[in-house]
Amino acid sequence: YAIDRGKEDLTLAQMTAGAIGYLNRGDEGFFLMVEGGLIDYACHVNDAATAFRETVDFADAIREAIQFYLATHSNHPTAETVYLGIKEEFPNVSLGTVYRNLALLAENGEILKISTGVGPDRFDGCIDPHYHFFCTECGAVYDLKMESIDHINVIANHNFDGIVEGNITHFFGKCPECAKKFNSKSS
6 YAIDRGKEDL TLAQMTAGAI GYLNRGDEGF FLMVEGGLID YACHVNDAAT
56 AFRETVDFAD AIREAIQFYL ATHSNHPTAE TVYLGIKEEF PNVSLGTVYR
106 NLALLAENGE ILKISTGVGP DRFDGCIDPH YHFFCTECGA VYDLKMESID
156 HINVIANHNF DGIVEGNITH FFGKCPECAK KFNSKSS
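Just so we're aligned, residue 6 is where the sequence shown starts under this note's numbering, counting upward by one.
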């Protein structure tokens with residue numbers, strides 16, 4: 006039981022992360038089933054404390070799966086896409102659970118929540134500073150590989166009485182696929 010775990014014992018989340026790390030070494034993909042079977046047993050024997058700890062342990066394992074999904078998908082998925090992706094590993098997970106975990110991970114700074122202004126929020130497993138491009142045609146979100154433009158903070162501070170400490174810069178336009186379609190129509 007999670008409630009009886011010693012300091013040296015692994016949590017379900019740590020075991021899940023370890024299994025994902027081990028299984029992800031190859032190119033052939035994998036299936037990992039994580040169960041919180043003691044939750045049900047603890048409820049049947051009216052052990053509320055154990056049921057609670059086992060549920061928390063299982064929720065932590067779900068967060069590990071969400072982080073892994075985001076780390077291996079650079080397409081900036083929506084919550085619904087993440088849900089469909091991890092549902093294979095956690096068949097009983099709900100969309101609400103995925104939304105809550107994404108919000109918690111974003112609040113803790115472990116992932117990025119990207120609001121595009123149109124459509125649902127997107128999520129990014131890469132928290133290193135980088136820029137995003139939003140396609141105004143298809144809604145895709147891309148990482149832009151470019152040098153830092155943080156010098157605009159200095160420019161912004163020049164005629165401002167306050168202190169500019171940072172910025173969020175997004176780029177908009179047509180992605181490569183939409184640009185090809187647009188160019189072929191105008192030819």
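Be a bit skeptical, because a hint or two may be false.
As the list claims (entries may be wrong) - Computed beta-carbon distance windows for the label pairs:
1. 85 / 112: 16 to 26 Å
2. 85 / 11: 16 to 26 Å
3. 166 / 122: 49 to 59 Å
4. 48 / 27: 25 to 35 Å
5. 120 / 151: 35 to 45 Å
6. 118 / 151: 15 to 25 Å
7. 50 / 120: 12 to 22 Å
Calculated from the structure, these hints are not laboratory results.
From the three backbone atoms N, C-alpha and C, an ideal C-beta is built for every residue, glycine too.
Now for the hints, and whether the structure bears them out:
{"no.": "1", "hint": "85 / 112: 16 to 26 Å", "in the structure": "holds (20 Å)"}
{"no.": "2", "hint": "85 / 11: 16 to 26 Å", "in the structure": "violated (39 Å)"}
{"no.": "3", "hint": "166 / 122: 49 to 59 Å", "in the structure": "violated (29 Å)"}
{"no.": "4", "hint": "48 / 27: 25 to 35 Å", "in the structure": "holds (31 Å)"}
{"no.": "5", "hint": "120 / 151: 35 to 45 Å", "in the structure": "violated (21 Å)"}
{"no.": "6", "hint": "118 / 151: 15 to 25 Å", "in the structure": "holds (22 Å)"}
{"no.": "7", "hint": "50 / 120: 12 to 22 Å", "in the structure": "violated (45 Å)"}
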